[in-house]
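J.: In case you want the letters, here they are:
Number of protein chains: 2
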Amino acid sequence: MSQISKPYSAILDFKSGIIKAFKRRVQVKLSGLREFFSDRKEVDQILSTGEDPIIYEYFEHSQPEVEGHINFGVTTIYPGKVGKEYHLTRGHYHAKENAAEVYIGITGEGIMIMQTKDEEVAHLPIRPGDVVYVPPFWAHRTVNVGKQKLSFFYAYPSDAGHDYEVIRQKGFAKLVIEEKGQPKVVDNPKFIKS
Amino acid sequence: MSQISKPYSAILDFKSGIIKAFKRRVQVKLSGLREFFSDRKEVDQILSTGEDPIIYEYFEHSQPEVEGHINFGVTTIYPGKVGKEYHLTRGHYHAKENAAEVYIGITGEGIMIMQTKDEEVAHLPIRPGDVVYVPPFWAHRTVNVGKQKLSFFYAYPSDAGHDYEVIRQKGFAKLVIEEKGQPKVVDNPKFIKS
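From first to last, the protein sequence lines stand for chains A and B. According to the working numbering, the first sequence is numbered sequentially starting from 227. According to the working numbering, the second sequence is numbered sequentially starting from 227.
Rather than coming from a laboratory, the hints here were simulated on the basis of the structure. The structure presented is a predicted model; accordingly, all values stated were derived computationally and were not measured. Cβ atoms here follow ideal geometry from the backbone N, Cα and C, with glycine treated the same way. Take every hint as true, because none was put in to throw you off.
Which chain B residues stay away from chain A? Per the calculated CB distances, all over 10 angstroms, these:
| # | residue |
| --- | --- |
| 1 | Leu-259 |
| 2 | Asp-270 |
| 3 | Leu-273 |
| 4 | Gly-276 |
| 5 | Tyr-284 |
| 6 | Glu-286 |
| 7 | Pro-305 |
| 8 | Gly-306 |
| 9 | Lys-310 |
| 10 | Lys-373 |
| 11 | Asp-389 |
| 12 | Lys-410 |
| 13 | Val-411 |
| 14 | Val-412 |
| 15 | Lys-419 |
Mimicking BS3-like on lysine-lysine, the simulated pairs with C-alpha atoms at most 25 angstroms apart in a straight line are:
| # | chain 1 | residue 1 | chain 2 | residue 2 |
| --- | --- | --- | --- | --- |
| 16 | B | Lys-232 | A | Lys-343 |
| 17 | A | Lys-322 | B | Lys-232 |
| 18 | A | Lys-232 | B | Lys-419 |
| 19 | B | Lys-343 | B | Lys-410 |
| 20 | B | Lys-396 | A | Lys-232 |
| 21 | B | Lys-396 | B | Lys-322 |
| 22 | A | Lys-307 | A | Lys-255 |
| 23 | A | Lys-246 | B | Lys-241 |
| 24 | B | Lys-267 | B | Lys-419 |
| 25 | B | Lys-241 | A | Lys-241 |
| 26 | B | Lys-400 | A | Lys-232 |
| 27 | A | Lys-419 | B | Lys-232 |
| 28 | B | Lys-416 | B | Lys-310 |
| 29 | A | Lys-241 | B | Lys-246 |
| 30 | A | Lys-396 | A | Lys-310 |
| 31 | A | Lys-416 | A | Lys-406 |
| 32 | B | Lys-410 | A | Lys-232 |
| 33 | A | Lys-232 | B | Lys-343 |
| 34 | B | Lys-232 | A | Lys-396 |
| 35 | A | Lys-241 | B | Lys-373 |
| 36 | B | Lys-232 | A | Lys-400 |
| 37 | B | Lys-322 | A | Lys-322 |
| 38 | A | Lys-322 | A | Lys-343 |
| 39 | A | Lys-267 | A | Lys-400 |
| 40 | A | Lys-400 | A | Lys-307 |
I would like the entire structure built from these sequences, with the hints used as guidance.
T.: Right under this line is the structure:
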């Protein structure tokens, strides 16, 4: 108990979705998502123009990676599509698979898609005030289906870790695409079952 | 993995601090806080009139009490004082002491007082948008120092448990009282060191 962390606070603006005094800011650009979007030709087409837009970023309050601590922060996904598919996060299982996560929608309009390795799937809207509970064992990806930026607060055990590789290799069972101007959750034809 | 919980969502109203579709609502009345307020004569005086006001309540989304799950909810502390001391929660250590907690102020104006068994003390304001990180090993109590209800969102590991007994027996090192119309954090003359 000699290295007890000190309490502290950060400020979250419910209007803008901005969290201040974060410890770590990570920007994820299109080039880093090449294997996560379904239309790779479209990704390559955009990148070939010399553009590499930021698709999402997160502002994290990271704690020590030991049991009992909680990491929290805000993720912002910028609006847009790659082909028919809306901007998305890579999505992940937790490396420690029995770790849950809580999300709170702050700005914008999104859909969370979730799945287990037992092939269960689920999706839920995430809008301002939606508190989404992602139980242990569920991979989760967030998709911005609106015209504004989608910002949400998240909190998860700091020793949970992230497994992006399963998603990189196998994808999500569902995609969120625009059809006739509306978001639609459809089967991913390229999904590889575990 | 046969009993995997399903993802779900709840709605939190950032204006009112109300969370919908909670699983458990707990009201804590003055009579249940007799040993937690510093002025017990004043508590008994109020109770002797036949009044037993609700001091605070919480609306909880409880998950299974196993490692990896996260309980969350909203606590609302109604405004007022008992003697000079502002309305407060009992405050607790987690039974599993290495469990952190994250708070987000939604409505009203409060102060969180915190302490460790090593006699470290801390206090931080909690107002709308304040995200307060209570690290592992810190007891925490929230006090409503404003004229409106104080509501805050909280999230903590569902297997953390609550130890109210240490606080019941020894108190907090600090009290939050009104002095010349302003909140002030002062030493608790009755505090018993661990």
